[in-house]
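Asker: Residue-level listing of the chains:
2 protein chains.
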Amino acid sequence: MTMAIELSAQVSALLKAGVELIPAIAQDAQTGEVLMLAYMNYQSLAITLETGRATYWSRSRNELWEKGATSGHTQKVISIALDCDGDALLLKVEQTGAACHTGDHTCFHTSLGDQ
Amino acid sequence: MTMAIELSAQVSALLKAGVELIPAIAQDAQTGEVLMLAYMNYQSLAITLETGRATYWSRSRNELWEKGATSGHTQKVISIALDCDGDALLLKVEQTGAACHTGDHTCFHTSLGDQ
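Listed in order, the protein sequences are those of chains A and B. According to the numbering used here, the first sequence is numbered sequentially starting from 1. According to the numbering used here, the second sequence is numbered sequentially starting from 1.
Chain A extracted, bound-state conformation (with noise of 0.2 Å):
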């Protein structure tokens, strides 16, 4: 049922031309950390943006992927915002449970040092 929903002329042209993968930054709402960085095509970001539950393309299993679809972890979109050049996304989410797939709640658990 989802494959019908497309996105919308008015959100097309804001996207900058050519790009068909889209990073998407996913941030806590409530907290502001971020949590992960994942990809978004224009059939992903018409469904997070039908569903409010944020929809990724996997660029590993090459499919729609709805996080936390089978771990449970999901992220209710809380908001939407595309940067200057239309070429990257900034997702406020609601998160369940951990964002990423080690159990951490946020992805970006690897320092490489503070400054």
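I should point out that these hints are in silico values taken from the structure, not numbers from a laboratory. Here the structure is a predicted model, which means the values were calculated and not measured. Glycine included, each C-beta is placed from N, C-alpha and C at the ideal position. Do not take every clue at face value.
Claimed, not checked - Stretch-level coverage of chain A by chain B, calculated; a stretch enters the list once three of its residues show a Cβ under 8 Å from a Cβ in chain B: (1) 13-19; (2) 69-82.
To be verified - Quick partial rundown of chain B residues pointing at chain A, CB under 8 Å, derived from the structure: (3) Pro23; (4) Leu37; (5) Tyr42; (6) Leu49; (7) Leu82; (8) Thr102; (9) His109; (10) Asp114.
For this one, chain A is given, so just place chain B on it according to the hints.
Answerer: Same frame as chain A, but now just chain B:
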């Protein structure tokens, strides 16, 4: 002189094999606001780690880009973290002035709607 700075073997080993351009999220270290997303190659990451000044790879100009080198809107790096699969970076920074070339504090100023 910066041409001589190379990424350490230790850090290189943490990065996902075969990835040349790594998306790097800049987040305001104090407020938690996500400011921008840009890209780093190995050299710009090495320079950033060495100097503490956020330095990216400009995909449009095909050159190293020290953020703020012309605008004065520099980013002092407080910490850098890599994500779980080694293909995205999160920089916490002290942003001088606006992060966005439009004069906005953040590049993510085009709302696609609240859910």
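Asker: Now tell me if each hint is right for this structure.
Answerer: How the hints compare with the structure:
1. 13-19: violated (count 1)
2. 69-82: holds (count 7)
3. Pro23: Hint on Pro23 (chain B): holds, closest Cβ of chain A at ~5 Å, below 8 Å.
4. Leu37: holds (4 Å)
5. Tyr42: violated (13 Å)
6. Leu49: For Leu49 (chain B), the interface hint holds, since the closest Cβ of chain A sits about 7 Å away, which is under 8 Å.
7. Leu82: Since chain A brings a Cβ to about 4 Å from Leu82 (chain B), closer than 8 Å, the hint holds.
8. Thr102: Cβ of Thr102 (chain B) sits 6 Å from chain A, so the hint holds.
9. His109: Check passed: Cβ of His109 (chain B) comes within 7 Å of chain A, closer than 8 Å.
10. Asp114: Interface hint status for Asp114 (chain B): holds (5 Å vs cutoff 8 Å).
When each numbered hint is compared with the structure, violations occur for hints 1 and 5.
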